[in-house]
Amino acid sequence: MVELIIWTIIKILFILFFVTLPLAGVLTVVDRRESSMIQDRIGPNRANLSGDVWDLSKRWRFLGLLHLLADGIKMIFKEDYSIKSGNRWIHTFAPILAFFPGLVILSIIPFGGNVTVFGSSTNLQIASFDSGMLLAFAFSSIAVYGITLAGWSSNNKFSLLGGVRATSQMLSYEVVLGLTLMGIFMIYGTLELNTIVQGQQSLKVDGTPDLLFGFLPKWGIFLQPFAMLLYVAAATAETKRAPFDVPEAESELVSGFFTEYGSMKMGMFLFAEYAEVVIFSMIFTTLFLGGYHVPYLYDSGFILPFGWGSLSINPTLVGFIQMLTFLLKVIIVAWGHLVIRWTLPRFRYDQVLRLGWKMLLPLALANIIITAIVLSFI
Amino acid sequence: MIDNISTIHFLKEMLYLIPLLILVFSSMIILLVDVFAESSNKRYLAPLTSLFLIFSAISIFWLYKYIPKSGVKILYNMVYVDHFSLVISAMLIIAAIITVWISSDYLERYGIAIGEFYSLLLISLTGMILMVSTTNLFTMFVALELFSIPIYVLAGFFRVYGKSIESSIKYFISGSVASAIMLYGIALFYGVFGTVEFSEIERHIFNHYDSVAQIAKTEPLLILGTLLIMAGFLFKTAMIPFHMWTPDIYEGAPTTVTGFMGFAVKATSFAAFFRVVVSIFNTPSLVYSENGTISPSSWINVIYVLIIITLIVSNLIAMSQRNVKRMLAYSSISHAAYLMIAILTFSLSKTKDSYGSLLFYLLTYLFASIGAFAVLSIFEKNGSNSVTLENLNGASKRSPFLVASMLIFIFSMAGVPPFGGFFGKFYLLKSAFVDGSLSTLVLIAVITSVIGAFYYLRVLVFMFMKDVESDENIETLNVPFLGKLAIALSAIAVVYLGVFPNSLIQFMGETISNFFIK
Amino acid sequence: MGVYIFYLFGTGLIATSIVAILMKNPVHSVLSVVSSFFFLAGIYAGLSMQFLAVIQILVYAGAIMVLFIFIIMLFDLQKSEYSKDRFLWRDLVPLALILITAAGFISAISRSESIKNYVANAKLPSNFGSVSAVSFEFFGTSNSVGRFSFLFEVISILLLSAIVGAVVLAKRKL
Chain R
1 MVELIIWTII
11 KILFILFFVT
21 LPLAGVLTVV
31 DRRESSMIQD
41 RIGPNRANLS
51 GDVWDLSKRW
61 RFLGLLHLLA
71 DGIKMIFKED
81 YSIKSGNRWI
91 HTFAPILAFF
101 PGLVILSIIP
111 FGGNVTVFGS
121 STNLQIASFD
131 SGMLLAFAFS
141 SIAVYGITLA
151 GWSSNNKFSL
161 LGGVRATSQM
171 LSYEVVLGLT
181 LMGIFMIYGT
191 LELNTIVQGQ
201 QSLKVDGTPD
211 LLFGFLPKWG
221 IFLQPFAMLL
231 YVAAATAETK
241 RAPFDVPEAE
251 SELVSGFFTE
261 YGSMKMGMFL
271 FAEYAEVVIF
281 SMIFTTLFLG
291 GYHVPYLYDS
301 GFILPFGWGS
311 LSINPTLVGF
321 IQMLTFLLKV
331 IIVAWGHLVI
341 RWTLPRFRYD
351 QVLRLGWKML
361 LPLALANIII
371 TAIVLSFI
Chain W
1 MIDNISTIHF
11 LKEMLYLIPL
21 LILVFSSMII
31 LLVDVFAESS
41 NKRYLAPLTS
51 LFLIFSAISI
61 FWLYKYIPKS
71 GVKILYNMVY
81 VDHFSLVISA
91 MLIIAAIITV
101 WISSDYLERY
111 GIAIGEFYSL
121 LLISLTGMIL
131 MVSTTNLFTM
141 FVALELFSIP
151 IYVLAGFFRV
161 YGKSIESSIK
171 YFISGSVASA
181 IMLYGIALFY
191 GVFGTVEFSE
201 IERHIFNHYD
211 SVAQIAKTEP
221 LLILGTLLIM
231 AGFLFKTAMI
241 PFHMWTPDIY
251 EGAPTTVTGF
261 MGFAVKATSF
271 AAFFRVVVSI
281 FNTPSLVYSE
291 NGTISPSSWI
301 NVIYVLIIIT
311 LIVSNLIAMS
321 QRNVKRMLAY
331 SSISHAAYLM
341 IAILTFSLSK
351 TKDSYGSLLF
361 YLLTYLFASI
371 GAFAVLSIFE
381 KNGSNSVTLE
391 NLNGASKRSP
401 FLVASMLIFI
411 FSMAGVPPFG
421 GFFGKFYLLK
431 SAFVDGSLST
441 LVLIAVITSV
451 IGAFYYLRVL
461 VFMFMKDVES
471 DENIETLNVP
481 FLGKLAIALS
491 AIAVVYLGVF
501 PNSLIQFMGE
511 TISNFFIK
Chain C
1 MGVYIFYLFG
11 TGLIATSIVA
21 ILMKNPVHSV
31 LSVVSSFFFL
41 AGIYAGLSMQ
51 FLAVIQILVY
61 AGAIMVLFIF
71 IIMLFDLQKS
81 EYSKDRFLWR
91 DLVPLALILI
101 TAAGFISAIS
111 RSESIKNYVA
121 NAKLPSNFGS
131 VSAVSFEFFG
141 TSNSVGRFSF
151 LFEVISILLL
161 SAIVGAVVLA
171 KRKL
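Residue numbers (our numbering), protein chains in the order written: chain R, 1 to 378; chain W, 1 to 518; chain C, 1 to 174.
Since the hints were derived computationally from the structure, they do not count as laboratory data.
Hints may be right or wrong, so weigh each one.
As the list claims (entries may be wrong) - Mimicking DSSO-like on lysine-lysine, the simulated pairs with C-alpha atoms at most 27 Å apart in a straight line are:
| id | chain 1 | residue 1 | chain 2 | residue 2 |
| --- | --- | --- | --- | --- |
| 1 | C | K24 | R | K157 |
| 2 | C | K116 | W | K170 |
| 3 | C | K116 | R | K84 |
| 4 | W | K397 | W | K484 |
| 5 | W | K170 | C | K173 |
| 6 | W | K163 | C | K173 |
| 7 | W | K217 | C | K116 |
| 8 | W | K42 | W | K484 |
| 9 | W | K170 | C | K24 |
Stated by the list, open to error - Distance windows between CB atoms, simulated:
| id | chain 1 | residue 1 | chain 2 | residue 2 | range |
| --- | --- | --- | --- | --- | --- |
| 10 | W | F61 | C | L8 | 54 to 62 Å |
| 11 | C | I155 | W | S439 | 54 to 62 Å |
| 12 | C | I155 | W | W62 | 36 to 44 Å |
| 13 | W | F516 | C | L8 | 47 to 55 Å |
| 14 | C | S156 | W | F500 | 40 to 48 Å |
| 15 | R | L212 | W | R159 | 51 to 59 Å |
Claimed, not checked - Below, a sample of chain R positions facing chain C; criterion: calculated Cβ distance under 8 Å:
| id | residue |
| --- | --- |
| 16 | A138 |
| 17 | V144 |
| 18 | W152 |
| 19 | G163 |
| 20 | M182 |
| 21 | M186 |
| 22 | I187 |
We put the beta carbon where it would ideally sit given N, CA and C, even for glycine.
Turn these sequences into a full structure, and let the hints steer you where they fit.
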């Protein structure tokens, strides 16, 4: 019991303070840098640590990453402006509601295989929860409250419009999001994420790798490529990022639902957005990219396809390799997310909803039906 | 516990639900047809719907011959099809057919002739049939919701009239509260017995408890559950003091819907309540105290008092109504009291005489009430969605056919001898009287039905004796073909029930006596 | 342990429900109802019904109450439009009735023998409340049919009728 509690605390601290929050923070800067590269600008690179003030070449800029620190300091020390009219309590409470529910999802994500440290072994997943993905859906739908209430409590037309747009958009895409993943759940027969990950790269009963066509691992992306595309679209809309960022469309609504926010409250909204990106990347990795699996690497070591041989590795080492693999995959997916943001133009609001209800939803349903038919014949 | 049933077996058992399946599929077909049909072709929706309903009725006749008298329990005991349920289903389908025939022209006059009306009507009918063919509290609750929700929508179908929307919302809110109360009762039953199947509950009560006093001491939840379930049914059957929704909703809803609702909701609720009474509430230890007399804290006494209140209050209030729809609403409340007398008689006397009276009364009420609302729906002025007594002035000159049929329906409801309603009341009160304990109730019922005759006959006074003041309204009414057919058939049925009641009463009695085949 | 979970969440449930009734601002009421759903989910989880707990949050807190907030937002109520109900002495009558009913229920539950038996002999299957157990009840296995599959289908028709009804009542032009 004590061992379990200690492990759980370690895992929570690790995934929260060493993975999600730093990654989300870095993404805020990376996003700006990447936009500048895509648009052929220089981008933020002025913040520097020390060096000769007069000699530009001697400043330590760390690729502009220091802007993260600068922005953080700025936001924390800015005046905490609170609105005169509107609902002050809810106004303060809304950013918290927008930020924290998403973090609950971290508890069910398996970020590595089984590791053994000092003779005590554990699965690198905070909670193996039978209703797994449902919990993720549940808490991502709770995050809607923060945005809705922010829009409502600000007593500002732009905020209200942004809030209304965000609510209807997120509610609509939650439905699509749930339905796109149904095929995955049907194939792996479970909602529990670790079981899904293991189902994506498992060994047959006789100890040989269970591969598709003899060489492809049974990752979600290969079994459900169509669902993968739908999921990316729906998840982008769910995180309200471009091309679906109508709730905060700066050319129409100033800043949407957080127009009336300043200082760290606004920082929380921005941060929540990137935290959501990280979390969605984690779920995407888990469901479609084989989670923490390296192709052909099993608990005992590499087993190559076509009988090309095998290589045994220490199981604990495998555990750590898998953890690093997971992080690498998450970073790549998150980067892909940013590329989407800066390369596609924004939809109109009605187009967003029409896309959700009239195109993605029927396609997701069709995907479920086809998957069910195929599964019933296998 | 029942073993798992295989998919094939499940599908075979679904065959017993063929009337329901026809209704469900036809409701979806009509939704689809409505989407793709040209608006000029939408008047064919009503004949199409009635065709489906007739198919369903035929399948009921087929099933009636096919199933054994003791009924069949299917789908993990979720559904129980027997002769009783089939008879009630047939009545409900007849009500629906009449409603569809009248509605087609009525809806067109109001410019809302859309397929959703028929589709919702069919879904509601499905729920009603499911509710009377189950001996499982879960199914009963789901069926209750299944028939209620389309009815809530149908009540608000005139979206442009505030009263219609108001009635819809009132019905929805009060109906949901009543459902919730009933669900609480079901939950308590489930908590006590661990099952919601009537026969198992009955066995459990029979084996474990002797008298009401003992139940109150060791298992008071059972009494609470009984009261809560009963409250849900009393709401749906609109017994006073659970009646407050009735007049407003009857007035606001489209008149043809009111006619359907007035009969079908009532018949379904009474049939289901009858089943609950027969199977659960009638267990001796829920009724009697240790020395064999009716216990003072038994549910019987609650019903007894409510019947007296309902009879007196509803008839008195009905007298002061100028709006005919409201008046008929109060009249339907008083009819509920009569039906409740039939149930009470059944659970107290158990002589075979009393068996047929409930079903026969329902049958007479079916034709009289839907027929009356059908006539009103034609008299209704465009744009008002309500009929006052003054609207009926000089009706005998405008349409002799309608007035003659209205006369039949009104006489039947008032209980004037040659018509069906009289015999319904007569048999009901006779069997209640034969069993001595209810003679006070019978006396009150007779007196109040005489009071009731006053407001029924007043409708006729306005129809026959008062003339319109100005000349503008004299023009004769056009009665559409389907509506004429429906009204004429109802009137003939009412007369037939009054002239040849015996064979039908016997038939109804046999249907009920099938309950006791084990 | 389970008892303490129940008391903890039960107290919260009652408190938030009362707050939901007393609040004048509808948004505060809705938020209070949402938190009461969380407490309810906690009670479910304490009873090992983890699937039900998650569904409670997903459906009620996450979808239905969001729509409530959404609608209140669109009304854009001003402070002057909030409920002006004040406490009246005649409110004591329903309050007293509620308290009496509640007392009756509590005493009935505390005297109930079947509940005592149940508490003493309860034995839950190991997968009680899990997704697979619930889905077995509803859908059965690949060649048998679940106990509640029929009701499940019936409820799907119920929802269809609710959708049709909502469209009929709310669509601007039919």
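Quick one, is the M182 (chain R) hint okay against chain C at 8 Å, beta carbons?
With Cβ-Cβ at 13 Å, over 8 Å, it is violated.
Quick check: does the Cβ-Cβ distance between I155 (chain C) and W62 (chain W) fall within 36 to 44 Å?
violated (28 Å)
Using the nearest Cβ pair, does M186 (chain R) come within less than 8 Å of chain C?
It is violated, given that the least Cβ distance between M186 (chain R) and chain C is near 12 Å, above 8 Å.
Are K116 (chain C) and K170 (chain W) close enough, with their CA atoms no more than 27 Å apart?
violated (40 Å)
Taking only the CA atoms, is the gap from K170 (chain W) to K24 (chain C) under or equal to 27 Å?
Holds - the C-alpha atoms of K24 (chain C) and K170 (chain W) are around 23 Å apart, at most 27 Å.
With 54 to 62 Å as the target window, see if F61 (chain W) and L8 (chain C) comply at their CB atoms.
holds (59 Å)
Can the restraint linking K163 (chain W) and K173 (chain C) be considered satisfied, given a maximum Cα separation of 27 Å?
holds (19 Å)
Given pair status - K484 (chain W), K397 (chain W), alpha carbons within 27 Å
holds (17 Å)
Between I155 (chain C) and S439 (chain W), is the Cβ distance one that fits in 54 to 62 Å?
Once the Cβ atoms are compared, 46 Å apart, the range 54 to 62 Å for S439 (chain W) and I155 (chain C) is violated.
Once the shortest beta carbon distance from G163 (chain R) to chain C is found, is it less than 8 Å?
holds (6 Å)
Given the range 47 to 55 Å, decide if the beta-carbon distance of F516 (chain W) to L8 (chain C) lies inside it.
Given a distance of about 52 Å, which is inside 47 to 55 Å, the answer is holds.
Is 40 to 48 Å a correct range for the gap between the Cβ atoms of S156 (chain C) and F500 (chain W)?
Since S156 (chain C) and F500 (chain W) have Cβ atoms about 44 Å apart, the given range 40 to 48 Å holds.
When held up to the earlier numbered hints, the structure conflicts with 2, 3, 11, 12, 20, 21 and 22 and fits the remainder.
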